[in-house]
Amino acid sequence: MESDKSAQSSETGERKRLPIVEGLFTMPSSPDERPQLIGSRCKACSEAFFPKRLICAHCYGQDVEEISLSGKGELYTYTIVRAPVLGYQGPIPFVVGQIELPEGLTIQSILTGCEPESLEIGMPMEITLGKLEEDEAGNEIITYMFTPAVQ
Amino acid sequence: MREVAVIGVGMTRFGRYEDKSSIEHGVEATQAALKDAGLGWKEVQIAYCGAAQQGMTPGTRVLAGLGTTGIPFINVENASASGSTAFREAYLAVATGLYDIALALGVGKMGRAFALASSPEPAEMNLMKAMGSLQPASFFAMRMKRRMKEYGTSIDSLARVSVKNHRHAVYNPYAQYPKEVTVEEVHRSRMICDPVTVLHLCPTGDGGAAAILCSEQEAKKYGTRPLITVAASAFRTQVYSSKKTPSPDVTTITAKEAYEQAGCGPWDMDLVQVHEAATVEEIDNYELLGFCNPGEGERFIDDGVTQIGGRMPFNTDGGLLARGHPIGPTGLAQIWETVMQLRGEAGQRQVEGAKIGMAHMIGYEGVCIIHILKKRL
Chain C
1 MESDKSAQSS ETGERKRLPI VEGLFTMPSS PDERPQLIGS RCKACSEAFF
51 PKRLICAHCY GQDVEEISLS GKGELYTYTI VRAPVLGYQG PIPFVVGQIE
101 LPEGLTIQSI LTGCEPESLE IGMPMEITLG KLEEDEAGNE IITYMFTPAV
151 Q
Chain V
1001 MREVAVIGVG MTRFGRYEDK SSIEHGVEAT QAALKDAGLG WKEVQIAYCG
1051 AAQQGMTPGT RVLAGLGTTG IPFINVENAS ASGSTAFREA YLAVATGLYD
1101 IALALGVGKM GRAFALASSP EPAEMNLMKA MGSLQPASFF AMRMKRRMKE
1151 YGTSIDSLAR VSVKNHRHAV YNPYAQYPKE VTVEEVHRSR MICDPVTVLH
1201 LCPTGDGGAA AILCSEQEAK KYGTRPLITV AASAFRTQVY SSKKTPSPDV
1251 TTITAKEAYE QAGCGPWDMD LVQVHEAATV EEIDNYELLG FCNPGEGERF
1301 IDDGVTQIGG RMPFNTDGGL LARGHPIGPT GLAQIWETVM QLRGEAGQRQ
1351 VEGAKIGMAH MIGYEGVCII HILKKRL
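Those sequence lines, one after another, are chains C and V.
No gaps in the numbering here: position 107 of the first sequence is 107 in the numbering used here, and each next residue is one more.
No gaps in the numbering here: position 50 of the second sequence is 1050 in the numbering used here, and each next residue is one more.
Calculated from the structure, these hints are not laboratory results.
Source: prediction; values computed, not measured.
Glycine included, every Cβ here is placed at the ideal spot set by N, Cα and C.
Careful, some of the hints might be misleading.
[Said to hold, decoys possible] Heads up, incomplete: computed chain C residues facing chain V, CB under 10 angstroms, no partners named:
| # | residue |
| --- | --- |
| 1 | Pro84 |
| 2 | Gly87 |
| 3 | Phe94 |
| 4 | Gly97 |
| 5 | Leu105 |
| 6 | Ile121 |
| 7 | Met145 |
[As the list claims (entries may be wrong)] DSS-like, lysine-lysine: derived pairs with alpha carbons at most 27 angstroms apart:
| # | chain 1 | residue 1 | chain 2 | residue 2 |
| --- | --- | --- | --- | --- |
| 8 | C | Lys43 | V | Lys1244 |
| 9 | V | Lys1244 | C | Lys72 |
| 10 | C | Lys43 | C | Lys72 |
Work out the full structure, taking the sequences as your base and the hints as a guide.
This is how it looks when you write it as structure tokens:
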């Protein structure tokens, strides 16, 4: 996985942007570059997965390759989470949804950059990155998110 | 395989208890089941305890409370289906002929909120956080929203599941919330994840439930009550399914196996207990269990088909929503209810002439267990 070049060096004591999980998505240094979800594809049956798998869940083949997923899809469903949950320090309420990707899989993601009232099942969505929460040192914990696609 | 009978059932009232441990619930439920069966503890030859997140060997700690007779006591965990798993294993122990008398037990004690993740592993927790899986109710809310879009299911119909199950619970002395609610009250209760309010969801709670199983031959020695036998015990896990390679839901696959074992179909049932952690799940299950086609389930609740007195009563004891769902014992509370109904001992909840009933549970990550119990005529 490409390292996060936007992260500040720890010697400066500045806050860093850290991915919540390594190997799940890319964090490009340029704002013009779209982040990508990292999945896998089975070489035997060509089924795609996210997150990536070592063994194909469809044919159980073990010859799998890492792939980048398209990062665009359609909103399958969503909800606004209003009740606090254990172990989460980020903002409440937040919106979470499921996105159908052209690769044939449905993934779950936090939704951002939209008024919940403007969301509609079936609308085009695209990937972005966003802050989930902050750790004790004040570093920003980053995850992938989806936002209504720019037409 | 031998015929197996359920000769005793017992449970504690589900609810929130300050000073009572899950182990105490287990001892009390087992004693109630033994009394119901007319058996002494030393006659039990093997026991299974279903529990989730209750510390190490909860069943063995119950054993210590009941008396250390030296029998094998097996602890099983399958999330919400833990109690159903214990029942199935006890059934198999007797059906295979290895043991004559077995105990199936479930215990649970929960905090006020669900844990964020099923796993205490930071790596798994972070993966769930990354995907926004931060509130268990969000899963049901998204399912509800999708169902409303796909089939036009109304929020009123969904609320009516909660209304129906709370009404059923009024007549269940062991229910956590034996209190009627209205559609308006369901809508107005605290919003958790749009459009899921708190009365669309099952509560957290504590409790214990137990069943005594024995060979049919042995059962004839005990009592003169109608004999209740296990007509089917089916257990499946989800098969991989995607848009490209669709597979039926695990409930549909498990139900098919259960109907084959019992030699019957869905409409041969007299009553059904299903897993409905949220209202939408009960309507989905009308369809997944084969009672109607996808998209038709809403009619069942709107027309009163699934209330006591209707053509196919569902969750006659109040279900997860109102009887409660302390995880470990829930599947055995379903067995308790089915046995009471088939014996004709369900009081004001009684389904007239009930002879055959089904109990369905789902465990986290696609576990499904279905039992069909029958009254031997």
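*For which of the previously enumerated hints does the structure constitute a violation, in increasing order of number?*
none
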